[in-house]
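Trainee: Just so you know, the sequences run in chain order C and L.
The first sequence stops at residue 421 when you use the numbering used here, and every number in between is there.
The second sequence stops at residue 354 when you use the numbering used here, and every number in between is there.
By construction, these hints were calculated from the structure, which means they are not laboratory data.
Nothing here was measured: the structure is a model prediction, and the numbers come from that model.
The reader is advised that the hints may include incorrect statements.
Subject to a maximum C-alpha distance of 35 Å in a straight line, what follows is the list of computed DSBU-like cross-link-like pairs (lysine-lysine) [to be verified]:
| # | chain 1 | residue 1 | chain 2 | residue 2 |
| --- | --- | --- | --- | --- |
| 1 | L | Lys169 | C | Lys295 |
| 2 | C | Lys172 | C | Lys84 |
| 3 | L | Lys169 | C | Lys327 |
| 4 | L | Lys169 | C | Lys407 |
| 5 | L | Lys169 | C | Lys250 |
| 6 | C | Lys415 | C | Lys198 |
| 7 | C | Lys84 | C | Lys94 |
| 8 | C | Lys295 | C | Lys407 |
| 9 | C | Lys219 | C | Lys207 |
| 10 | C | Lys172 | C | Lys198 |
| 11 | C | Lys199 | C | Lys137 |
| 12 | C | Lys219 | C | Lys199 |
| 13 | C | Lys295 | L | Lys102 |
| 14 | C | Lys415 | L | Lys102 |
| 15 | L | Lys102 | C | Lys407 |
| 16 | C | Lys250 | C | Lys295 |
| 17 | C | Lys219 | L | Lys169 |
| 18 | C | Lys172 | C | Lys199 |
| 19 | L | Lys169 | C | Lys207 |
| 20 | L | Lys169 | C | Lys137 |
Quick list of the computed label-pair ranges, beta carbon to beta carbon [claimed, not checked]:
| # | chain 1 | residue 1 | chain 2 | residue 2 | range |
| --- | --- | --- | --- | --- | --- |
| 21 | C | Phe419 | L | Leu184 | 15 to 25 Å |
| 22 | C | Thr209 | L | Val198 | 34 to 44 Å |
| 23 | L | Tyr310 | C | Asn279 | 18 to 28 Å |
Don't be surprised by glycine CBs; every beta carbon is placed ideally from N, CA and C.
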Amino acid sequence: MRNRSLLMLTAIAAAGTLTLSACGSRAASGASGSSSASSATTVTIGVDAPLTGPLSALGLGIRNSVDLAIKTANKTNEVPGITFKIEATDDKASPQQGQQNATTLVADSNVVGVVGPLNSGVAVSMQKIFDEANLVEVSPANTNPSLTQGPSWGTGTKVRQFKSYFRTATTDAIQGPFAAQFVYTTLAKKKVFLVDNKLTYGVGLVATFKDEFTKLGGTVAGQDHVTSGASDYSSTVTAIKASGADVVYFGGEYPDGAPLAKQLKAAGYNGPVVGGDGMKDDTFIKLAGTASEGDYATSVGAPVESLDSAKTYIANYKAGGYTDPYAAYGGYSYDSAWSIIEAVKAVAAANNGKLPANPRQAIETAMAQVSFSGVTGQVSFDQYGDATNKQLTVYGVKSGQWATIKTGTFSG
Amino acid sequence: MHELPQNLANGLFLGAMYGLIAVGYTMVYGIIQLINFAHGEIFMTGAFGALAVYSKLGANVSIWLALPLMIVGGVATATLVAVLAERFAYRPLRNAPRLAPLITAIGLSIFLQQLVWGFPGNKSARVFPQLPGGPFHLGSVVFQSADIFVVVAAVLSTLFLAYFVRSTRTGRAMQATAQDPDTAKLMGIDTDKVIVIAFAIGAVFAAIAGISSGLRYGQIEYNMGFLNGLFAFTAAVLGGIGNIYGAMLGGLVLGLAQTLSAAYIQYIPGMSQFGSQDWSGVWAFVILILVLMFRPQGLLGERVADRA
Chain C
10 MRNRSLLMLT AIAAAGTLTL SACGSRAASG ASGSSSASSA TTVTIGVDAP LTGPLSALGL
70 GIRNSVDLAI KTANKTNEVP GITFKIEATD DKASPQQGQQ NATTLVADSN VVGVVGPLNS
130 GVAVSMQKIF DEANLVEVSP ANTNPSLTQG PSWGTGTKVR QFKSYFRTAT TDAIQGPFAA
190 QFVYTTLAKK KVFLVDNKLT YGVGLVATFK DEFTKLGGTV AGQDHVTSGA SDYSSTVTAI
250 KASGADVVYF GGEYPDGAPL AKQLKAAGYN GPVVGGDGMK DDTFIKLAGT ASEGDYATSV
310 GAPVESLDSA KTYIANYKAG GYTDPYAAYG GYSYDSAWSI IEAVKAVAAA NNGKLPANPR
370 QAIETAMAQV SFSGVTGQVS FDQYGDATNK QLTVYGVKSG QWATIKTGTF SG
Chain L
47 MHELPQNLAN GLFLGAMYGL IAVGYTMVYG IIQLINFAHG EIFMTGAFGA LAVYSKLGAN
107 VSIWLALPLM IVGGVATATL VAVLAERFAY RPLRNAPRLA PLITAIGLSI FLQQLVWGFP
167 GNKSARVFPQ LPGGPFHLGS VVFQSADIFV VVAAVLSTLF LAYFVRSTRT GRAMQATAQD
227 PDTAKLMGID TDKVIVIAFA IGAVFAAIAG ISSGLRYGQI EYNMGFLNGL FAFTAAVLGG
287 IGNIYGAMLG GLVLGLAQTL SAAYIQYIPG MSQFGSQDWS GVWAFVILIL VLMFRPQGLL
347 GERVADRA
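Sequences are here, hints too, so could you generate the full structure?
Mentor: Encoded structure:
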């Protein structure tokens with residue numbers, strides 16, 4: 010019997026150790042940035058984004074777009090008497106590095122505002138540092154609703170978290186409702202089966218989808234939760250088929266969504282699988298193969314190629330000679346930088362054309378009034394610091410590729 | 047309850063896969079009393095070995111031609127890894143206290159996962175080729191070509207193993223080593239060779255399970271061996287660790303328990319919270335605990351008083 014208890018103990022110990030090991034490590038090195046040279050009329054706009062590592066494609070698009078906004082403002086003499094310059098820091102998608110960068114940017118008194126970061130997780134570690142210094146931070150990419158509206162946003166208790174934090178990105182909070190409207194109205198499917206992978210993102214998506222879908226008059230045929238990484242979804246698939254649902258809404262990321270879609274279609278289920286931006290990845294199509302055909306995913310924001318307001322931006326970006334593409338968040342980054350420039354302009358205008366000795370507090374206050382026609386449409390911020398222009402896009406899998414089905418703005 | 051046949055079939059397919067992996071745990075344990083926690087990774091390298099062969103062949107080779115070669119490639123990779131692991135990680139610790147090789151096994155498991163993860167393109171899941179044909183209908187039950195593959199593979203492998211252990215010279219040497227390694231050695235049995243063969247057979251079964259997993263789910267990942275390995279180990283204990291038929295039986299019981307609990311527990315009044323797929327792992331372990339309470343030696347295990 011001694012043997013048996015050893016067996017159980019080691020099983021538990023091993024399970025724990027292996028769970029830890031299941032997380033991959035991410036290696037990245039190198040940093041970029043430029044040092045500041047102070048001048049009475051030059052102010053700095055900081056950038057924080059992953060400039061190296063797996064997410065660098067997105068991060069470099071952010072940096073280049075801010076650079077473009079600054080060059081444009083300097084060329085057109087947008088704020089008379091004030092020249093802007095960029096200081097880009099690399100957070101390597103790491104909250105620790107992001108926090109160090111925030112401290113560095115705060116310490117540089119020339120910095121009047123920061124664009125970034127890319128990751129919601131990094132934003133959490135930076136918000137407080139910026140807030141204490143009253144340094145405005147505008148994120149082009151953070152979609153986690155709790156960054157602006159607090160952890161209880163889902164239950165209707167919205168509390169602004171940090172008065173210095175703004176974003177031009179649309180939050181996840183309206184992805185679920187937007188998808189519900191699309192499924193109910195555009196696809197005309199009235200009976201849904203809900204599946205989530207028990208992670209914060211997926212559970213939130215499914216909950217908000219369910220609320221809106223039932224409000225519209227749709228019925229929920231059933232609900233199931235899957236274990237992320239479990240790959241065998243046969244019991245869920247059987248339940249979905251038995252429920253008679255004509256559409257499946259999946260809250261989760263593509264590594265779980267793809268096998269679900271695949272196993273559903275293999276079992277002879279014909280309805281589409283609809284998911285959020287976690288599913289909208291080329292790997293989803295690669296993994297699910299032909300089974301992904303006809304599935305949909307929503308994503309926050311709109312591809313700038315589809316916007317009339319972005320034509321000049323795209324042309325200027327190409328003319329700018331940047332080696333990296335503007336990527337998913339370029340347009341939003343340009344608008345983020347421009348909102349800081351607008352706020353600086355407002356502060357300078359109210360102070361006889363010059364910035365006060367420490368303009369940060371004034372700029373923070375001025376952000377609330379910023380309103381201009383930007384790359385992604387009209388840019389302004391609501392009482393939480395969120396973009397008032399809530400754009401979303403539905404993508405569908407057509408001949409093995411994500412195609413834009415519908416871009417819309419959500420109100421409600 | 048009208049979905050019962052489908053759920054039974056689902057459980058059977060899943061259980062056959064668990065059983066194939068569990069054989070490796072049980073054979074190694076039966077002979078050297080080592081819980082080879084790296085066995086889940088042997089399963090994973092088998093799947094990746096098969097995929098490597100498939101990528102070399104190119105996409106325009108028929109899958110029916112490619113499949114046997116993939117099996118050979120997967121089996122060869124997994125066996126090589128297992129034999130090397132035995133030679134360099136476990137054999138030096140043959141006479142060490144029992145915890146030492148166990149920790150080595152955990153370390154090896156992490157090492158193998160990261161090794162595979164480090165290959166280009168393995169950071170996220172890889173696409174595994176699919177068998178054409180299907181879905182097939184048998185009454186109200188729907189199943190795929192890959193499901194047939196796993197059941198046929200499990201049956202053939204078990205029959206082969208039964209013949210091997212009972213009727214061949216090496217198989218009998220294996221039984222003797224399991225009963226008493228020292229005496230077996232005195233009788234002229236090369237116990238080191240027997241142990242290597244036990245690792246190799248476990249690896250062959252795990253590789254077949256890995257290929258089944260790839261064929262059934264269409265994707266393989268560097269960490270696929272973790273959960274599957276853990277469940278297969280549970281299956282081995284459930285069936286009576288050390289007993290090869292017990293491993294197969296334990297796998298089937300576990301697969302059925304998971305599928306049926308996911309499908310039906312939620313309909314028991316007051317239990318709706320504990321149904322659905324996310325609780326199936328919990329119910330699998332509840333069954334394990336119940337079985338071990340009443341039959342500590344497992345379903346088919348023999349009471350072995352002489353082992354510490």
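Trainee: Confirm or reject each hint.
Mentor: Evaluated hints:
A hinted pair counts as satisfied when its Cα atoms are at most 35 Å apart, and Lys169(L) with Lys295(C) qualifies at roughly 14 Å. Restraint check for Lys172(C) and Lys84(C): satisfied, since their Cα atoms lie roughly 31 Å apart, inside the 35 Å limit. With a C-alpha separation of about 32 Å, the suggested pairing of Lys169(L) with Lys327(C) holds against the 35 Å cut-off. Distance check on the hinted pair: Lys169(L) and Lys407(C) sit about 26 Å apart at the alpha-carbon level, within 35 Å; holds.
Proposed proximity of Lys169(L) and Lys250(C) is supported: the alpha carbons are some 33 Å apart, at most 35 Å. Restraint check for Lys415(C) and Lys198(C): satisfied, since their Cα atoms lie roughly 17 Å apart, inside the 35 Å limit. Between Lys84(C) and Lys94(C), the direct Cα distance comes to roughly 12 Å. Compliance with the 35 Å bound is thereby established for this hinted pair. Of the pairs offered as hints, the one joining Lys295(C) and Lys407(C) holds, with about 13 Å between alpha carbons and a cut-off of 35 Å not exceeded.
A C-alpha spacing of about 15 Å is found between Lys219(C) and Lys207(C), which places the hinted pair at or below 35 Å, so the restraint holds. Restraint check for Lys172(C) and Lys198(C): the C-alpha separation of about 41 Å exceeds 35 Å, so the hint is violated. At most 35 Å may separate the alpha-carbon atoms for a hinted pair to count; Lys199(C) and Lys137(C) exceed this at roughly 44 Å. For the hint pairing Lys219(C) with Lys199(C), the CA-to-CA distance comes to about 12 Å; that is within 35 Å, so the pair holds.
With a C-alpha separation of about 19 Å, the suggested pairing of Lys295(C) with Lys102(L) holds against the 35 Å cut-off. Under the criterion of a C-alpha separation no larger than 35 Å, the hint pairing Lys415(C) with Lys102(L) is inconsistent with the structure, at around 41 Å. This hinted pair checks out: Lys102(L) and Lys407(C) have alpha carbons roughly 29 Å apart, not beyond 35 Å. For the given pair, Lys250(C) sits about 24 Å from Lys295(C) by alpha-carbon distance, which is consistent with the 35 Å threshold.
As the CA atoms of Lys219(C) and Lys169(L) are separated by approximately 33 Å, the hinted pair is consistent with the 35 Å bound. For a cut-off of 35 Å, the pair hint linking Lys172(C) to Lys199(C) is broken: about 41 Å separates their Cα positions. At roughly 23 Å between alpha-carbon atoms, Lys169(L) and Lys207(C) fall within 35 Å of each other, so this suggested pair holds. Under the criterion of a C-alpha separation no larger than 35 Å, the hint pairing Lys169(L) with Lys137(C) is consistent with the structure, at around 33 Å.
A hinted range of 15 to 25 Å is violated for the C-beta pair Phe419(C) and Leu184(L), which are about 47 Å apart. A hinted range of 34 to 44 Å holds for the C-beta pair Thr209(C) and Val198(L), which are about 42 Å apart. For the pair Tyr310(L) and Asn279(C), the beta carbons lie near 25 Å from each other, so the given range of 18 to 28 Å is met.
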